[in-house]
Each structure stands twice: as C-alpha cells, then as structure tokens.
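Novice: What follows is each chain in one-letter form.
There are 2 protein chains.
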Amino acid sequence: MRQSRLFTKTRREAPSDETAKNAQLLVRAGYIHKEMAGVYSYLPLGLRTLNKIIQIIREEMDAVGGQEIIMTALQDKTLWERTDRWDETKVDIWFKMKFAGGGDTGLAITHEEPLTRIMTAHISSYRDLPTMVYQFQNKFRNELRAKSGVMRGKEFMMKDLYSFAKSDEEHEAQYAAVRAAYVRIFERLGLAGRTYPTFASGGVFSDFSEEFQTLSEAGEDTIYVDEKKHIAVNREVLTDEALAKLGIDRATLVEKKAVESGNIFHLGTRFSETLGLSFTDETGAKKPVIMGSYGIGVTRMVGILTEVFADEKGLVWPESVAPFAVHLVSLGKEGDEISKTADTLYDDLTKAGVEVLYDDRDLRAGEKFAESDLLGIPKRVVVGKDAAATGVFEVVTRLNGAVEKVPREQLFS
Amino acid sequence: MRQSRLFTKTRREAPSDETAKNAQLLVRAGYIHKEMAGVYSYLPLGLRTLNKIIQIIREEMDAVGGQEIIMTALQDKTLWERTDRWDETKVDIWFKMKFAGGGDTGLAITHEEPLTRIMTAHISSYRDLPTMVYQFQNKFRNELRAKSGVMRGKEFMMKDLYSFAKSDEEHEAQYAAVRAAYVRIFERLGLAGRTYPTFASGGVFSDFSEEFQTLSEAGEDTIYVDEKKHIAVNREVLTDEALAKLGIDRATLVEKKAVESGNIFHLGTRFSETLGLSFTDETGAKKPVIMGSYGIGVTRMVGILTEVFADEKGLVWPESVAPFAVHLVSLGKEGDEISKTADTLYDDLTKAGVEVLYDDRDLRAGEKFAESDLLGIPKRVVVGKDAAATGVFEVVTRLNGAVEKVPREQLFS
Chain A
283 MRQSRLFTKT RREAPSDETA KNAQLLVRAG YIHKEMAGVY SYLPLGLRTL
333 NKIIQIIREE MDAVGGQEII MTALQDKTLW ERTDRWDETK VDIWFKMKFA
383 GGGDTGLAIT HEEPLTRIMT AHISSYRDLP TMVYQFQNKF RNELRAKSGV
433 MRGKEFMMKD LYSFAKSDEE HEAQYAAVRA AYVRIFERLG LAGRTYPTFA
483 SGGVFSDFSE EFQTLSEAGE DTIYVDEKKH IAVNREVLTD EALAKLGIDR
533 ATLVEKKAVE SGNIFHLGTR FSETLGLSFT DETGAKKPVI MGSYGIGVTR
583 MVGILTEVFA DEKGLVWPES VAPFAVHLVS LGKEGDEISK TADTLYDDLT
633 KAGVEVLYDD RDLRAGEKFA ESDLLGIPKR VVVGKDAAAT GVFEVVTRLN
683 GAVEKVPREQ LFS
Chain B
283 MRQSRLFTKT RREAPSDETA KNAQLLVRAG YIHKEMAGVY SYLPLGLRTL
333 NKIIQIIREE MDAVGGQEII MTALQDKTLW ERTDRWDETK VDIWFKMKFA
383 GGGDTGLAIT HEEPLTRIMT AHISSYRDLP TMVYQFQNKF RNELRAKSGV
433 MRGKEFMMKD LYSFAKSDEE HEAQYAAVRA AYVRIFERLG LAGRTYPTFA
483 SGGVFSDFSE EFQTLSEAGE DTIYVDEKKH IAVNREVLTD EALAKLGIDR
533 ATLVEKKAVE SGNIFHLGTR FSETLGLSFT DETGAKKPVI MGSYGIGVTR
583 MVGILTEVFA DEKGLVWPES VAPFAVHLVS LGKEGDEISK TADTLYDDLT
633 KAGVEVLYDD RDLRAGEKFA ESDLLGIPKR VVVGKDAAAT GVFEVVTRLN
683 GAVEKVPREQ LFS
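Protein chains in written order, with our numbering: chain A, 283 to 695; chain B, 283 to 695.
Pulled out of the complex, with its shape left as it was, chain A reads as follows:
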C-alpha cells in the first residue's frame, strides 16, 4: 500500500488522556482510535494486525477440530437467570438494556449460556460427541475503570472455544489438544519464551486451574516462575501444600509481573445440567455433556504484543502479526531516479506476494525514519541515491536496528 493513500496520520505526542503505554503508542501510530475510556476502534494498520492474530488463532483452532460460528452480543436474560449469572449481586459487569417491546436484555460478557442452549438442538446422542465450537466475537464488560488501554476494554474481541465431551477421558483429551494449540499460538506470536502455563487455585472440578501468563512490566498479576520447568504458579497457589502437590520447589521460583494471555477451564457439567444439554449413551442412558472453555483476548493480545516488544522509538511487531512485512522508504522526489527505482521495487515486491507499505511521500528523510520506527514494521528497505545507482539497498531490522546492504534480488527471499 502506498503511504500517500493511507488515510491515517501519526502523531508526535502521546495523547494526554492515556496512561497505558500500549494505547499511547497505538494511538500515536494511527493503529487505533479511542472512542471513550476502554473503547477503541481499529484503523487500517491496527485491523491488519488484529486480523493476523485472528488468522493464527483460527488456524490452530481448526487444526484441533474446532468449528467456527458467531454468536450475538444481545443476550436472553432468562438463560442467564437459570445459571444465576444475571443478578447484579452475582455479576456486576453487565451492560443491561430494555427491549422496545418490553423485557430486559444485556450484552454478552461471555458465551457459555447461549452456546450450551444452541447445542441442545444439535447434540442428542453419543454419536454427536466429541465436538468443539469457537468464535471470534466481541464481549462487553461494564468496568468501573479502564486504564490499561486495549489490554482491558469495555468492548473487546475474544476467541472463545467450547468443548463438549461424553466422558472425562474424552474431555481431558480435548483439554490437552487445546492447551497444546495455545502453546503453538504463543510460539507463532513470538511470545513462547515469556508465556508460562500458570497454576491458579482450582475451580469446582480440579485442585488447580490453569491459565497462560505472559511476562510484562505492564502486567496486573504477580506470578512465581520456575524458569527451568517453564511453568509458574500464582499467589493463591504459593503454599507449601499446593507446591508439594505440583512437585514445585519454592526455592526455584522467581517473582515476576505478568498479564493473563489465555485461559482454559474445565466446566464439568455445570452449564449442561442447568440448561439441559444431555446425550444418550450406548446403553440408552441420558447423561449431561462434559464441557470446557478456552479463551484468548484478541484485542488484548494487540496490547500485550505492544507492551512486550515496543521500545522508546515506537512499536515493534513480530513478523507473524506485523501489518506489513516491509516498509519501503523512498528518499526521492516525484519523477526522479530514486522514485522510479522505488516505484518499480514496490510493484515487483507486491507482485511477488510481499506485503509492502511504501512511503512514497515528499518528506524529509529524518521524519520518514522516525515515523517508520513508530510504525514498527519488521524490515525497512531504504531507497536513496546509492541504491538507485547500484541496486544494493539498505535494510534495517526494526527489532535490533541492525543495518545490512542487500542486493535487489535477495530482497525477494
């Protein structure tokens, strides 16, 4: 894409109403727009990154047999009354509204209830199990404070997958498959090294629950990391009894700040029993379906990646989620040899399937480089007088600032 056509502009100054580093940088770089506290629109560069994160997660969910759907934001309160999650005293983050025709509705805080009901129309026999269903959909939470930028919004996108099984063994196999898919997702997002499966206090169904925590100075959580085993526990689990059960030696643990980047839950039959999701087994007996739920905050992930990788010059994206792979920066003026060289290189790279943002504007080199650093595209290819003359281009790696001289033909590999 030619940058002269990209409608977003960058800003030199951080917006005065943002305290979170992620929102400051993403707004400055024109990736997002703040509508209100905790409510952000995604502009072209931000949407491209968001879609790359979505696609990575989608591929891994499909690979373990997830089937994609999309549920609604508007919720039927009668469903949530049955599971006792409608009442203000139980769940205090609902956005609630009235229908014009009478009756209450609210905006989905999560989707266990509606999906369990959907599945009652589609699961009746053991032959219908196991199955897994997921979506990318917005959640809404009426948070009193929203100070963490896109890491904790009032409106945010999640991938949520739900598993349905006929036995504990089948459920454990689904749980293990999704857990492994999450590990692959964090690898592909460039976060594997700093993301820890973390034990938290158990739910109803097991001694411990698990979540994924990614180390970050912006983290709201404190975890205790065993670096060798690459696992962690949270504060609740920091008791001798719990550590003994987990086989973790307290002496190996290091305290770190982290942010929750994924969660995986055993739900047992809590929702299926309450909402009547059952199946008939091989003997003709009727049994409740065993469920699990597995979430990753997709917009939150944009924030985590920003917090983890950005530096004092601006954003830094891993290749897998960068809005473009290459930032082609021309130092020429319209019509001169430099511009012509850059134009042709842009066309050729684009034809070769490389995603290129092409800075074809008439601006000073210093201004262009500063903006390029702010945008955080992994490789910058500079076209100046020398490159136009020799066909050898300066390539700067955003992550470490390394500068190489690369002949034209090698740019395509």
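Simulated from the structure, these hints should not be mistaken for laboratory data. Hints are all accurate, no fakes.
A pair holds if it fits inside one copy or across any two, identical chains being indistinguishable in the list.
Restricting the straight-line Cα-Cα distance to at most 20 Å, the calculated cross-link-like pairs of lysine to aspartate or glutamate (EDC-like) are:
#, residue 1, residue 2
1, K378, D358
2, K595, E300
3, K334, E350
4, K316, E350
5, K615, D625
6, K650, E616
7, K380, E370
8, K316, E363
9, K380, D358
10, K378, E425
11, K650, D410
12, K291, E350
13, K334, D344
14, K291, D410
15, K622, E691
16, K380, D369
17, K615, D668
18, K429, D358
19, K633, E341
20, K633, D344
21, K615, D410
22, K359, D299
Given chain A, put chain B in place with the hints provided.
Specialist: Using the frame of chain A, we list chain B on its own:
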C-alpha cells in the same frame, strides 16, 4: 468437510415461532440459531455463506480504494447529541445503557458520527482527500417488531462505507465509483437481473436519492419498474413531475414487490460541519469535507438470497456464496467399495482446492437426498454402486434439478 463431523443437524419441521421463509429455512438447515426475535447466531454453514458475501463486498470496496477499519458498538452520546440523533423523539431505535462509572451510552445504529470524529484526527489538508473508509460491523436497532427473519434484525451486520471529498465533482466521482461497485456486487451475488437502482424522494442535497431494490415476494416495499431501462422508482416518486424530471414514461412502469438491498447517500456537509471535519484548500481557506455513505446489509443479504432462490425443497445458493461448491453424497457403508471410492474422491477434490461437504454418514439414500436439497449446495455428486464400478458419477444441479453423468476426471474442472 466430513458431514459426520459437522455439529449442526437439520430439522424436518419449520420452527413454530418463525413466520419468515428465510428464517424458517435457515434454522431448519442448521445455518442459523434464533436467540430471540430478530437476534440470530450464525452456525458453521451460515458463517461460511456470510463470509463469502463479506469477501465479495470487501474485494469490490478495496477495488474502488476503500480502506477497511472496524469501529465500536458502544457509542459516545455527546457526539450524537451534537448531530441531534440521540434524543428519543428524534431517533427511537436506540438501545441505551448506563456506564458503571456514570453517564449514558448506546449501541451504534449507524456510524457517521464516530467516523466523522475519527477523520478529524487524520484529515486537515486538501492533500488528504479524496479518501474512502469502510467496515463490516454490527448495528443494533431496538425494533418493536422483528418478523422478517434475518432480513430485519435487532442486531445485524452491515458493510458501511463513507466517502470524503474536497469538492462536489470529487464527491460525484466517488459516488459513481461506489454505485458501480454495488452493481458488480449484485452481479457476483447472482442478483443483477432482479436488482434495480431505484429513485426515492430526495434528501437535502438532490432532487432524488437512490437505493438498490431487489425484487422479492417477501419484499416490504412496492416499486415501479422500467424493465427496459433497468431502473425503478418508489411510490414517493410516482408523480408526473418527478417522472418527467427523470425522463421515465409512466406507461412503461410495472408494480413489483421488492426489498431494499443497498443504499447510497449524498451526505453533503451535514456531519462534517456539525462535528468540525474540515480541510485547508490550496489557497489556505478552511472548508468542510463533503461526505457520502453507502450501506449493504450483509446478514440481510443472507435473507434476501434465501427468499429469492429457495424452493419448496429448501435452500438454493448461487455458487459465489454457497458454503461449499460440492455436496458429495456417498451411498455406501463404512469399509465397502462405494465408501472407498467416495473417500478417495473427497480427498482428491479437496486437494484440488474444491470446497466439498462430504456426506459420509450411514443413512438411507432418500434421507440424504432430502437433506442435501435442504442445504442447497449448488452441485451434488452421488457415489453409488455404479459410480464405484464405472468411475462415472451422477451430478445433480440444485438450481434446476438437472442430472448429468460425469466421468471422474471432469469433476475437477
């Protein structure tokens, strides 16, 4: 995809609480799930069709230079107060809520206001114009009645594009480009022949406004069609004066039922003046930006396509939006020659990039064919005893029921 793995099941009977043909069929076929009146979730087959419609529209919006973003559902009421579209007496379809921290918010009924504000951060000079921005995003309308299935929902997805220009000529060129893109979209959706650019009474900025109307017995509108010129007028424009202005002869007009399938609006400077979106021209003068807006209801389109193409046996999809191109129906039992032939054909077609739904289940042939008709996939390839023996397959075209005998190698073309 193997149908034995698809979690959705079809139903023989129409749901008792649906009067609209589109919702009855889409629910029966397992494409959608009704959460509440006018609120529908999209299940795997429905989501595949929805995504194909989205992709066709996206390609045409990109082709005319649209830049994709995604705005939020939650709205800042102060913006809508400035344009006088917040007050109940002016706009009575808002879902309104309170923030936990105090203050009101509502769910987007459309997005002129937030996008105009976003653009004030990015447009300041004539050099920033023209530009066009679009999104696929949910709208929410608190309709008193919702009886038209997915054609008129309380929560529905729209593609909305907005154009920004520095002069009337530039605006007219944008308007013409998007109008032409809409014509191409209706062609690709298989609706060109029955979709008419239709003149309605003018807004503030012109004698007439235009909308696209698609002929359908389920239509809520009545239009008057000049079939030769392939244009139409609505009832408001059926005056001698208006027809004379448009050069339309009343005698050529035929009354038809139709449904609005797209709209295109000149907005002039209504939003830019009110919300302060201006640019500095070549002479240094400050001027308001000239805007247009262009909508297509994406979920509504699923309903229109159903109403227009479905027959007494079930859904019928144009190839461009069908969830799969081929429904491969095996009449074998697990392990027999027929099943092996079908398995291999499924693998080979999938490898060749053909999107195949493979009915690999142990069911009676009659049941499979009836369900296949209900699902509406364009081509059905049947694998029975003869096919397994001869390598010649029965291919049924869903649209007209035509049956052909096709040798295996020709199935790939």
